[in-house]
Amino acid sequence: MRRLTYFLRAVRKILRTRLKGEGPFFVSHLITARCFARCPTCLWRGDVPEEKNVSKVLKFYREAREEGFVSTTFWGGEPLLWEGLLEVMEGCRKMGFVTGLITNGYLLPRYARDLAHLADFVIVSVDLPSEEHDRLRGVEGMFRRALEGISLLSEENPGLKVFLNTVVSRLNFHAVEGMVELCEELGISVTFESVDEGEPQFRDGPRVEGLRLPREEEAEVFGRIRRMKREGRPVNNSESYLRMFEEGRVRYRCHLPSISVRVEPDGNVTNCLDRKHPLGNVYRDRLRDILEGERMRWLRREALGCHRCVDTGTVESSLFWEFKPEVVLNTLRLFLG
140 MRRLTYFLRA
150 VRKILRTRLK
160 GEGPFFVSHL
170 ITARCFARCP
180 TCLWRGDVPE
190 EKNVSKVLKF
200 YREAREEGFV
210 STTFWGGEPL
220 LWEGLLEVME
230 GCRKMGFVTG
240 LITNGYLLPR
250 YARDLAHLAD
260 FVIVSVDLPS
270 EEHDRLRGVE
280 GMFRRALEGI
290 SLLSEENPGL
300 KVFLNTVVSR
310 LNFHAVEGMV
320 ELCEELGISV
330 TFESVDEGEP
340 QFRDGPRVEG
350 LRLPREEEAE
360 VFGRIRRMKR
370 EGRPVNNSES
380 YLRMFEEGRV
390 RYRCHLPSIS
400 VRVEPDGNVT
410 NCLDRKHPLG
420 NVYRDRLRDI
430 LEGERMRWLR
440 REALGCHRCV
450 DTGTVESSLF
460 WEFKPEVVLN
470 TLRLFLG
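When you line the sequence shown up against the working numbering, it's residues 140 to 476, in that order.
Since the hints were derived computationally from the structure, they do not count as laboratory data.
Small disclaimer: the values here were computed from a predicted structure and weren't measured.
Cβ coordinates follow ideal geometry from the N, Cα and C atoms, glycine included.
Treat the hints with care, as some may be off.
[Stated by the list, open to error] The calculated BS3-like cross-link candidates involving lysine-lysine, where the alpha carbons are at most 27 Å apart (straight line), are: (1) LYS195 <-> LYS233; (2) LYS300 <-> LYS233; (3) LYS191 <-> LYS415; (4) LYS198 <-> LYS152; (5) LYS191 <-> LYS152.
[Claimed, not checked] Now the in silico label distances, taken between C-beta atoms and shown as ranges: (6) ARG283 <-> ARG366: 25 to 35 Å; (7) GLU348 <-> GLU323: 26 to 36 Å; (8) ARG283 <-> GLY387: 29 to 39 Å; (9) ARG472 <-> ARG342: 35 to 45 Å; (10) LEU475 <-> ARG366: 21 to 31 Å; (11) LYS195 <-> ARG283: 13 to 23 Å; (12) HIS416 <-> ARG390: 24 to 34 Å; (13) ARG423 <-> ASP186: 40 to 50 Å.
Let the sequences and hints guide you as you build the complete structure.
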């Protein structure tokens, strides 16, 4: 019932935003860039200033609730390294937020019993269906601990939504069937996405590039994934998303700035088209001023012509915003099924 309520609130918020010009409803909270893994596809790992005061973070969420936000997801980096996370998640849940977590899974065994009752969904990033995943991530025991954590989550709260997320690249494209088989064994489901390439956001170093599959190979892999979905196997993606990559035409209108704000570790609100000029800072500025500011209005206009990002969060959200029937129904099945 809680998930159905959220789904209906989200649809209502989209309608009101589109018809009345109201602001976003979802917080994408990159609460820390710290991480002990060395995932080659990651743009977000780094060592940057971060807000560590739980009271300040909860104050922001109270303000966000007043502005009509209904959901938040914590990610990183590795969000479970942020010391006050469980307290903030508990506060968000009490405020009525639908609350999610994206984690690499290594620390899940330590926190699973609590997270099972604080999160509405948990997404675990796993790119290979065996201990080879440890080599890819640069952390021994990562695969075993992720699976142990998933089992503890399900044991503690059988109704909790737990998903895997797999970034499809040159490093693991051969294993998409194995990832689906792993999910069938675990009784969960998986989301596949292509590689967002570019400059690391919070560290010096080389660009993340050369890992995305060539177009023809990517089309073949995503065609295999789409066939598995059509066979009723546990693939979360909409057919609309998968078909874009299968056909080699990743084109969409980005509505993400109308849907969500991305809050960085220090409170800056990401301006994805002009990283040097954030939209504001949620710990220093009034949230309403950020949402109604000229930079935000500019970003919403300019983003409509951008389709650079290929991650599921950006693409699927933008398709949902346009009320693509297949995407809406797929999302409904995903969260309510």
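Comparing the hints with the structure gives:
In summary, the hint linking LYS195 to LYS233 is supported, as the alpha carbons are separated by about 16 Å, within the 27 Å threshold. With a C-alpha separation of about 19 Å, the suggested pair LYS300 and LYS233 falls inside the 27 Å cut-off, and the hint holds. Annotation: proposed proximity of LYS191 to LYS415 holds, straight-line Cα distance about 23 Å (limit 27 Å). Between LYS198 and LYS152, the direct Cα distance comes to roughly 22 Å. Compliance with the 27 Å bound is thereby established for this hinted pair.
The suggested pairing of LYS191 with LYS152 is violated, with an alpha-carbon distance near 30 Å, which exceeds 27 Å. Between ARG283 and ARG366, the C-beta spacing of about 30 Å keeps the proposed range 25 to 35 Å intact. Here the CB-CB span from GLU348 to GLU323 is close to 33 Å, well matched to the stated 26 to 36 Å. For the hinted restraint 29 to 39 Å between ARG283 and GLY387, the CB-CB distance of approximately 37 Å keeps it satisfied.
Checked against the hint of 35 to 45 Å, the C-beta distance between ARG472 and ARG342 comes to roughly 38 Å, which is consistent with it. For the hinted restraint 21 to 31 Å between LEU475 and ARG366, the CB-CB distance of approximately 25 Å keeps it satisfied. At about 36 Å, the beta-carbon gap between LYS195 and ARG283 misses the expected band of 13 to 23 Å. Our hint of 24 to 34 Å for HIS416 and ARG390 holds, since their Cβ atoms are close to 27 Å apart.
For the pair ARG423 and ASP186, the supplied restraint of 40 to 50 Å is violated, since their beta-carbon distance comes to about 22 Å.
Comparing the model with each numbered hint stated earlier shows that hints 5, 11, 13 do not hold.
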